[in-house]
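Residue numbers (full-length UniProt numbering), protein chains in the order written: chain E, 1 to 401; chain L, 1 to 349.
No lab work stands behind these hints: they were computed from the structure. Among the hints, a few may not be true.
Calculated cross-link-like contacts (lysine-lysine; reagent style DSSO-like; alpha-carbon spacing at most 30 Å) [claimed, not checked]:
#	chain 1	residue 1	chain 2	residue 2
1	E	K99	E	K82
2	E	K365	L	K114
3	E	K306	E	K82
4	L	K297	E	K132
5	E	K132	L	K66
6	E	K152	E	K365
7	L	K134	E	K28
8	E	K82	E	K102
9	L	K248	E	K99
10	L	K134	E	K365
11	L	K114	L	K248
12	L	K283	E	K99
13	L	K297	E	K306
14	E	K82	L	K238
15	L	K238	L	K248
16	E	K365	L	K166
17	L	K283	L	K297
18	L	K66	E	K82
Each chain, written out:
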Amino acid sequence: MSGSMHLSRLRNWFFASPPAEYAITSLKELLIGAIQQGPVPQHVAFVMDGNRRFARSHGIETVEGHNLGFEALARILEVCYKSGVKVVTIYAFSIENFKRSKFEVDALMEMAKVKLSQMAQHGDLLDRYGAKVRVLGRLDMLKPDVLEAVNKAVDMTSRNGDRVLNICFPYTSRDEITSAIRETVEDYSTPLEQGRSASRTPFSESHIAHNIRTQTLGLTTHDSHSDSESTSGSSGQDDDASPRHDSNRIYGSMSSCSSSTTLHLGNQQDPKGVSPPRSLAGSDSPVYISPETISRQTLNDHMLTKGTPPLDILIRTSGVERLSDFMLWQTHENTEIVFLNVMWPEFDLWHFLPVMLGWQRRISKSRQDPNAEGNFAGDAKSSEESPDALLWRQGGKVKDI
Amino acid sequence: MVSQRDREILRGDLRGRGTKLSVAEREALLQSYLPDPAELGQKPTSQPTVSERKTPRKTPIRTFLKSQTHYLTYALTHIIFGIIVRLLQAYHAVVDRIFAIVYHHHRTPELIRKDVKNLKRLPQHLSTILTLRKEDDSLAVLMDEVAELAAWSSCSGIPQLSIYEKSGVLKSCIPALHQIITTKLASYYGTPSHQPNLQLYAPHHPVHRSAPITTNSTLTILLLSSTDGRETLVDLTKTLAEMSQNGKLSPEDITPELVDAEISEITTQPLSMDPTLPDTVLKPEPDLLLVFGPFLKLDGYPPWQLRLTEMYCTGGRSHGISGDGEAVEYQGYMRGLWHFAGAQMRFGR
């Protein structure tokens with residue numbers, strides 16, 4: 001017993017010695033540099049599980065376990081951002097966690113507050129190096145002082161570079177999905193303002209009708225004019241045909257324009273809904289966007305993770321093999337889910353590396369042979385996933401160049 | 001990568017609720033760990049900073065060497081990793097074969113029952129993700145796999161089984177599938193009097209039952225496809241938006257409970273053709289999700305129901321990619337059940 005303790009103390013002393021520390025640091029740098037050479041996931045999520053169990057098994061206080069967990073987070077964030085991951089999402093606190101002991105909840109809140117306000121203190125440093133911090137979840141469930149720290153940190157970092165850290169603070173995925181549905185419904189049940197929408201419609205039907213009328217009128221005068229001038233009958237035929245073609249083209253351009261507006265589901269109004277005849281009729285019933293235009297993308301845009309690339313890897317530590325209400329909507333398509341049998345405070349590059357290598361291996365294989373089964377990145381993403389993802393990838397490429 | 005001494009200082013600071021160190025002290029402590037701004041600008045992924053533009057790169061050779069070293073390391077790591085993966089795959093393949101021989105069901109319900117006898121808990125609702133292969137007879141293979149799974153679940157005492165297959169091809173041939181499963185059950189149980197009652201259905205499809213209702217246990221099978229995932233949530237949103245537009249509902253009424261009730265109803269209550277028959281209540285959230293594939297990927301599985309579901313991937317122990325989808329095998333199924341119960345499988349029953 002005592003022998004093993006001496007041994008561990010000796011080991012700790014060895015690893016804390018400057019040469020060993022330097023060697024490990026250089027090795028880590030080298031490995032991170034190596035990871036960068038291959039495909040790198042754009043969005044990684046972590047469920048930081050096992051702080052309490054780690055504390056229990058090591059005979060330290062629960063709060064101390066959470067502190068060590070925070071250190072592990074800092075470690076892994078460094079690895080992620082250095083190797084080129086754009087977005088990291090972490091599950092910090094579930095709405096369900098409010099049911100834990102008051103002492104622990106308070107300690108966790110205190111820790112969050114201290115860390116967030118420290119972050120805000122180093123504003124200029126973060127500006128230079130840092131990532132954007134975003135807090136996802138039910139902020140209304142937080143105490144005012146914590147909320148203030150959250151807002152301050154989010155504000156401070158909102159102008160930062162292209163790296164994002166999503167902290168899911170009081171969060172559950174079901175709550176997120178429900179909120180997304182609710183917001184979508186709210187969006188779709190606000191009546192369109194008649195005046196504004198009319199002015200924003202690119203073409204008005206009455207105007208087009210007027211144009212056609214004047215053109216056909218002009219045509220008749222022009223027609224007679226040309227008839228009198230030209231000697232051959234064929235030119236008259238030509239003139240007769242061209243205005244019809246013109247009006248067709250106007251209709252064609254209008255319909256193509258309207259179809260392009262329907263493609264922008266969430267933001268633009270459906271031209272059918274705001275057609276002038278209805279507004280001219282003066283019906284009092286408000287005009288809405290048709291609910292049929294709601295798509296997966298609409299809901300996606302109302303999720304808390306909007307604007308981030310699709311989730312590539314989700315890692316949960318501590319050997320618990322379920323999602324526990326985290327990122328349900330985001331993970332259920334092409335995400336690789338990994339359950340690791342380590343406690344979060346112990347989590348380090350050494351555990352992360354095999355996951356990363358496995359992912360890179362699979363991605364490069366599927367790129368080489370897109371028809372192979374088990375292929376899940378590359379073409380699948382670009383073909384069926386959101387234009388959002390494409391944009392992100394393109395953005396990355398542009399920056400690469 | 002923080003040195004031991006600095007870590008101790010930071011920990012001490014944290015214990016004092018962040019009051020021991022001043023802002024400037026903390027920044028000084030951090031300074032040595034932050035990357036050089038100029039170096040940051042050279043990295044391909046980050047934006048060029050102003051300072052980088054002012055001072056052109058001074059060390060082209062060093063940078064070149066560094067990138068070459070990184071590339072070499074990348075190649076080396078992947079070669080080594082590949083070898084390890086292959087070795088692990090080979091090892092697991094051997095272990096799998098041994099398990100397959102030792103744990104074989106021989107189409108005997110008693111043997112299967114014996115295999116699960118010592119487990120502390122069994123899932124009430126088992127869910128599986130199957131993949132349709134690309135061969136010609138893939139549908140027949142898939143249906144046979146479903147039938148096997150149905151037989152195993154029924155024998156091991158799991159009353160509810162849901163099968164997810166992305167394309168939804170199974171939903172179009174429910175009667176044929178019912179026939180195949182019944183035949184398979186007959187080959188396990190023998191006489192029809194011992195067979196469990198079989199109920200097969202899919203969301204928005206009528207339930208398909210075995211004709212004579214006996215007193216035996218009931219096996220309920222639910223077929224899912226990718227349209228039951230995000231698409232269902234979108235449909236729900238459409239309906240809710242329409243109701244809200246007509247003033248029948250206010251957006252504040254949309255709560256997780258409401259969504260849960262609506263979503264669960266689709267999968268739990270089949271359209272019953274005969275109202276005299278008792279409706280089976282399926283547990284909406286599966287207890288265990290078995291993924292028959294090389295790695296854990298949900299592939300469009302309905303997200304709402306997965307909240308607390310445990311997941312197990314039969315090929316998950318190796319990081320490799322074995323060309324085709326994992327075969328549905330009895331020992332893989334058993335391993336999932338054992339894992340769920342928190343037990344280790346051993347050689348020898």
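Evaluated hints:
no.	hint	verdict
1	K99/E to K82/E	36 Å, violated
2	K365/E to K114/L	42 Å, violated
3	K306/E to K82/E	23 Å, holds
4	K297/L to K132/E	29 Å, holds
5	K132/E to K66/L	29 Å, holds
6	K152/E to K365/E	44 Å, violated
7	K134/L to K28/E	42 Å, violated
8	K82/E to K102/E	37 Å, violated
9	K248/L to K99/E	35 Å, violated
10	K134/L to K365/E	19 Å, holds
11	K114/L to K248/L	55 Å, violated
12	K283/L to K99/E	25 Å, holds
13	K297/L to K306/E	21 Å, holds
14	K82/E to K238/L	42 Å, violated
15	K238/L to K248/L	14 Å, holds
16	K365/E to K166/L	22 Å, holds
17	K283/L to K297/L	23 Å, holds
18	K66/L to K82/E	15 Å, holds
Hint violations for this structure: numbers 1, 2, 6, 7, 8, 9, 11 and 14, all remaining hints satisfied.
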